[in-house]
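In case you want the letters, here they are:
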Amino acid sequence: MFYREAGQYKTSYEADQATFPVLQDRIGMIVILAVAFVVVPLTMSSFVINSVLIPFLIFSLAAIGLNLLLGYAGQLSLGTGAFMGVGAYACYKLTTIFPDANIILLIIVSGFASAAIGTVFGLPSLRIKGFYLMVGTLAAQFFLSWCFIRIPWLYNNNVSGAIEVPTRAVFGIPVSGPNATPVTRYLIVLTIVVVMTWIASNLVRGRIGRMWMAVRDMDIAAELIGIRLPRTKLLAFAVSSFYCGVAGAMMVFLWLGAAEPDAFNINRSFLILFMIIIGGLGSLIGSFIGAAFIWGLPIMLKSVPETFGISIGSATLEHLQFMVVGALIIFFLIVEPHGLARLWQIAKQKLRVWPFPY
Amino acid sequence: MKEPGATEAAAREVLLAVENVSLSFGGVKALTGVSFDIRKGEIRAIIGPNGAGKTSMLNVINGFYHPQQGRISFKGVTRNRMRPFEAAQGGIARTFQNVALFRGMSALDNIMAGRTLKMNRNFFWQLIRFGPAAAEEVAHRRRVEEIIDFLQIAHIRKVQVGRLPYGLQKRVELGRALAMDPDLLLLDEPMAGMNLEEKEDMSRYILDVNEHFGTTIALIEHDMGVVMDLSDRVVVLDHGTKIADGVPDAVKSDQAVISAYLGVAH
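Residue numbers (this note's numbering), protein chains in the order written: chain A, 18 to 375; chain B, 162 to 427.
Quick caveat, the hints were computed from the structure, so don't treat them as lab data. Every clue listed holds true.
Just so you have them, the derived chain A footprint on chain B, three or more residues with Cβ under 8 Å: (1) 245-255; (2) 262-273; (3) 281-291.
Lysine to aspartate or glutamate pairs mimicking EDC-like chemistry, simulated, CA-CA at most 16 Å apart: (4) Lys146/A x Asp234/A; (5) Lys319/B x Asp33/A; (6) Lys27/A x Glu306/B.
Since we're looking at a predicted model, the values are computed, not measured. Every residue gets a Cβ at the ideal spot worked out from N, C-alpha and C, and that includes glycine.
The shape of chain A in the complex, shown without the other chains (with noise of 0.2 Å):
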């Protein structure tokens, strides 16, 4: 009854490519950006900035660069961790040459570091497909998780083999460091997001979106019409590292303000790849869901034993998120293998004939 678009006629394409051709869409989505921008800084804790909303940001960046990859350009890739890595060291490494310069710069310059080394363990995708492909990212997993435990230079020479963050002030204001408040990163966390979020949108809807999930669907007939691979792979491929590199370094600059190798394991890779996979592959919006269902539910299944005043052992209570979350996303994805974002679908196509059953 809300959501509905009869009546909303289009009478130019303009129109009809707009990034939120629905009223109801475009209401929706100004109304969240004001609660994200105006009413969360002014009302939330900086427990929940900092430990919920914050990571939950960070990981749906990430998300999306490995869907762009992964949902749109069907490429396994298992690097994410590692590419989160290299933008992350990247930037500790630019900050350390110029100490002077915006940081925030910083990030989105590290970004290309990582969309760098990207490309170059891209070029596997060339000759190999599918799971092969997906060992192939693993050997960069590994050799980048050894270069960033394994060349002092990258960390400084620190004894202690890990990065820890510089107070850096922008206009005056600490945005890094310990003297930085949480809602100035999260401001500038959520900005990048954004504004990241949009261009990726604008990508996939374009030339190069078509010309990724052409070669996603169908790689011959995709040669036939003109589109050349090994560029669009590595395209896409370059274009993913750049966003989880970025990811990486808001993560150790704007959030953790330390990180060791191990924050750039295999692990972190398989956790973006099951947010990507519980959200919706090829969707952007799926990278959201995904990234708040895997980041937020362990912090939720947290928080209800203490609200009912149950208290659990903090050991068991970890076994018990892992065994609550496990259940979940396989009955997720029992429910629906495409994801949240296609269950997002299905509930806007009810409500669009909302009370009707069709």
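Go by the hints and put chain B onto chain A.
For chain B alone, coordinates are given in the frame of chain A:
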């Protein structure tokens, strides 16, 4: 009905010529010394029993298979082999025997994908989808909508093609090939698995494409009625060799063709 056209076609200039092409996979000879030409503006049929090498021939023409011997001249340029990208850029479009659509995309996106080569706004305009990139998208959408109108598939333009019935998928695939504004259109069994009505529709589209857009068409088809009615000239392959070449009536009464299709008493 096509007789006048046939004599006329023989006088036109050659668009594509294959000369003495041989192709083998290991010990299996798919094509042996096949030569024929396709002239501008004609409808050229390639027929033959199963396994005769018809699809292999199309694959050679658009560069999927690289023949061991022979030459291919297209628009006056002679090559030993085509590359798929060169073929596409030169204006060769193709449909497949078993539909090769991009199943996860809408019909509209599939046909828009056919315009890829014509769209050249660079990556950075694509990022912001504003100004030139947006204008380009709209300009090509206009052309794509013309094709959608022509093929009468406006009602399914936003439907994911994987969910469409077979006949419509074939039509979308034709639309995607037409979106390339091809000079030469290769159709691999465009009517396989269709009922009579769908075949009639498809025949009409093929004739219209040929007449209105002046597109040269090479088609493989097993329905002899369709082949004889549509085509200006027919080439017949059997076991990878050419056994006949000429106007439909001559081919129909050719003894080698009859024995290839029906078998000969030994």
